[in-house]
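*Asks:* Protein chains in written order, with our numbering: chain S, 1243 to 1739; chain B, 4 to 180.
Since the hints were derived computationally from the structure, they do not count as laboratory data.
You may find that some hints are simply not true.
Claimed, not checked - Listed below are the simulated SDA-like cross-link pairs for lysine to any residue, each with C-alpha atoms no more than 20 Å apart in a straight line: (1) K1290(S) - F9(B); (2) K92(B) - H1607(S); (3) K27(B) - R1481(S); (4) K135(B) - R1630(S); (5) K17(B) - S1283(S); (6) K1290(S) - E1555(S); (7) K135(B) - R154(B); (8) K1290(S) - R141(B); (9) K1568(S) - V1647(S); (10) K1463(S) - H129(B); (11) K1463(S) - F9(B); (12) K164(B) - F9(B).
Stated by the list, open to error - To spell it out: a stretch of chain B is covered by chain S in this simulated footprint if at least three of its residues, at any positions, have a beta carbon under 8 Å from a beta carbon of chain S; those stretches are: (13) 31 to 45; (14) 75 to 85; (15) 121 to 129; (16) 134 to 141; (17) 158 to 172.
Each residue gets a CB set at the ideal place from its N, CA and C atoms; glycine is no exception.
Listed below, chain by chain, are the residues.
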Amino acid sequence: MAHVEHAATAPALSASNGPAILQEVKPAVLPRAVLVQNHRSFSWITEKICGIIEGKTPVWWWVCFSVACFVASFTVAGLTYLVATGVGVWGHANPVNWAWDIVNFVFWIGIGHAGTLISAILCLLRQKWRTSINRAAEAMTIFAVVCAAIFPVFHVGRIWYAWYLFPIPNSNVIWQNFRSPLEWDVFAVSTYGTVSVLFWYVGMIPDLATLRDRFFFAGHKVRSFLYGVFAMGWRGSNRHWSNYEMAYLILAGISTPLVLSVHTIVSFDFAVSLIPGWHTTIFPPYFVAGAIFSGFGMVLTLILPLRAVFHLEDLITQYHIDCMCKITLATGTIVGYAYSIEFFIAWYSANPYEGFAFINRAFGHYAWAYWVMISCNVITPQLFWSRRVRNNTTLVWVLAIFVNVGMWFERFVIIVTSLARDFLPSSWGYYSPSVVEIFTFFGTFGVFSSLFLLFVRFLPLMPMAELKAVTPAADAHGHDHGDAARDGAAAPHPRHH
Amino acid sequence: MAAQSFGLIATFDKTPDVYRAAEKVRDAGYRHWDVITPFPVHGLDKAMGLKRSIVPRISLAGGITGLVTGMTLVWWTGAVENPLIVGGKPMFSPIFAFPVSYELAILFTAFATIIGMFVVNGLPMHYHPVLKYDHIRRGMDDTFYIVIEARDPRFNLANTKALLAQAGGRDIQELEA
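Looking at chain B on its own, in the form it has when it is part of the complex (with noise of 0.2 Å):
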């Protein structure tokens, strides 16, 4: 093997032909592999038997820190360091530290789940060996593919071909990495 083989790549033309194709892969057993969508295909994490996305717990802990972070300022800098009466008002109260705290709280969810969703995901990647195939443009316009990655311990050249081809892929190739 001249340059290291990424894996193999096979095409599909329709959402069910690669729902179908996608449900045979899962069921043949391969851990390292991926469909390339142009859209959110419904359903598509059962036919791969992906597990729930843990980025809501990210997103949780984002939450729950801003909530923390506006109670403490609000707190902090009108009990502690510097109190002030104003309008006779006591000098920290969780009721009026509430909308601000909220909004934090929102704030800091919002940064949690996209920044979780990058690092869970691994990117920014911008050298993937699926962005140098040849037709992937299609791939973010029509077009649906099934990669299945050499490091997976079931990869077989020849077998894994041929279970691409009998799940209904066509122009099955091999990927440089």
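Excised from the complex, chain S in its bound form (with noise of 0.2 Å):
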């Protein structure tokens, strides 16, 4: 408090002299976490991250892919028994028939919302410590649209006729219906997943140009033509870095307003409807929550092991992963939250159809989904208050998967029990999956494997320019070396500025 009894005395001592209020309150130097531990250089920077490319593919590189190839041959049988017989090998029946394919359509979609949400939200807010985590996460959101877009693709059944979801001028004269938010929901996941490509690719081209070099002065003239070619004969110039850093942050700024209308239009979905337990206002903020919860958990899950694997301790920091735990235990009392409050406003709302539905979701058929859902969401984040808890990487990454597990389970309870029992009990039914439907599922996470692994070895898993601008070294006015205590980049610089 000493700079704000200065600053109220300092008018009466300087009152003649001009603005000296100005040069003696000096603003506090809060300490700031270092990103890069261990003052690592430049250059230390591109040997990491180039190595793990130009290294020989480590055995258990093969290992992991082989098996996550095996895995995804699941997701080609179920499809492939489905196309060749009918949408009908699905467990779907009256009343239930929306169950596992928009369950995962939404798990899957949700796990990608922590990739913007950390290259973009994270990126407006200046959150450094988000650039060692920001390329992987990205690839991660790519790879989870992937197997999200697989799911309400093969559920249309004959899915060569999947192009009448876009408005493609065809024989029937017939256009879609824009007044429904499944095809709102089209244009949403088609943008976003567009969007996130384009902005992932963006980022890399510094580090493809750093490669290409690389590789064309080690011999490699084919690898250096292919990543020469991507990275558009970026040769570092500061007239691109400024239109660069301009575009990247325009794309920052609409992916942002971009991942939270993609998840609303998700819950549009049921929002919109009028079954009992989905007609609810509170849906869009809840499952863009909700989704932003269930990605760190999927965030975690992959960047840990590749922490330990590569020995990317010095650039994924115990600040970093306090970070992650941070947000991911924020969002999921944000999803415990939304759950109470579904409740409250179930009972408040004095509907009776309303009220049976949330009984149902805890006492009815479905309870062991529920509990589940409750024990993985709101139980297990709040571990992450435990700065114990948030040291061990190996409880943490369990901690993650419990995460991984709870978020697919509340896709499960919301969308299962609601339709399993709606106002009629006439009509009322217990829906289980077919093995077809579960191989599927199974399969979409060695699709998402082997995908990720064939980024984790051709592509820079981390953006080795941005790394390096957090780097104390990068500050250009060169006051900052030797001082461990604050991040170079992110101190004021009153000179300059």
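Each chain sits in its own coordinate frame; assemble them with the hints.
*Replies:* Structure below.
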């Protein structure tokens, strides 16, 4: 508080000689976490990240990739059987005509949202710790969208008519029903997938140029050519960086409303209907929070093993893990709050159908699913309050798996319990998935993992240029050398700004 | 002069060095020059005297085009080309057209931003003289360069070389065009 008192007395002392207050009152320098530990140099970062790509393919990679491809074959088999036979091979039957397909779709698309949160929202909020995880998280987003898209596309049954989802002129002269949230979803998800790929690619251009030049001088002309084509002739020109940084900022600026709108529109698929348990205004914010919660669960699940395998402890520090755990805690708490508010509103609305839907969720035939959801989503994240839990990397990884499981069950509970017990008891039913459905969903983890492993092997795992920019040596004014208490790039620059 | 000269390139090892050197080159009044950095250096645009990027204007144009496209699509398909009554709802309303228009606005903004950034930067360009410099690989790694082009009206081999040396540049060499 010394600064405040000083400021209060300063005007009287310096009234005669100009704005001395500003010179005397210095903003407090808060200690900032070090984002790259052990004073690593620029070239150390280049060697570390490029080394993953340039080195020999590790044995564990082949083992994991083979397993992932084997698991992915379950999806291929399940979908082939579905296309050859008909959509009836899934366990859908009245009254539950929407089940695992949409559960899995929302599950995967939700996972993707943490990638965009990290790359876009944290960029706008100037959270510099995002730099070491944003590339991998964006890759996760894209592969999650790929897995998500499988389900609605194949649920149309006759997959060769899937293009009817888009407004392409057809011989029936029938256009899409733009009054339906399902059609909004087509635009939301396809825009989301496209913009995520573009954002990911643009962020990678400078790093691809680094790889191009390294492969060229190492004598790998073909690899240099391939990376070079995608590097677009990037040469590190500051005139280019100026436009590039602006473009990146705009992409972050538009991805933020995009990611919020995508899960809002996904929630409209339910909220705009009249089914008790779906028809609630809380759905958009509740779905967005849940999506980010599940996505951070998946980010932790992926990043922690990579950190251990590639020895990235200097780049993904305990501070990064703390930040991710705290976001998981915050969004998990929002999700828990949403669960309780749903119950409150069901009672407060005095709507008997709505009230029944929620009592039935907690104590009906699907109560087991509900309590799995509550334990994984409400109780698990609360453990992240403890520093000891956050410091235990293995435990964090296990808890992140619980978050993934819990968020899958959340979608299952919302979708299946509401449909299985609607207005008329005569139409009630109990839904169980078929083997084909289970295989198809199980296989998507293989699809996701094999794509992610390919990314780890062939593309820079972390944005090298951005990482260099957050080291103390990147500061143009050079007053940060040896000052480990502060993050150089984020420190104030009083002389030039 | 046998091979035509593109200009001079000078090497700098530390961020503050290249920052101060950029201020000196700017103050000497050069127009056709550039700084090669492995990462975006905070404040270097100001040290080079660069104007604000025009990419946001291209983005805005893209966004407006997307929004108008979305509204037009929903209106033309639903109310003009083949009007069908669905659920007793109006043939067109900006309310239900909004989500699709909003997504298209974002999609078109993204494309406009990225294509705009490439066009303004003159990329892709795989044959730039700077890329032929022997040590340019370090410019994508940990070293900084200042390039002053020969076409600059103030360019004079001896004087420009002296300026770069005085600004702290080492290993000053001519670049082939």
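*Asks:* Which earlier hints turn out false for this structure, listed by number in ascending order?
*Replies:* 1, 2, 4, 11, 17
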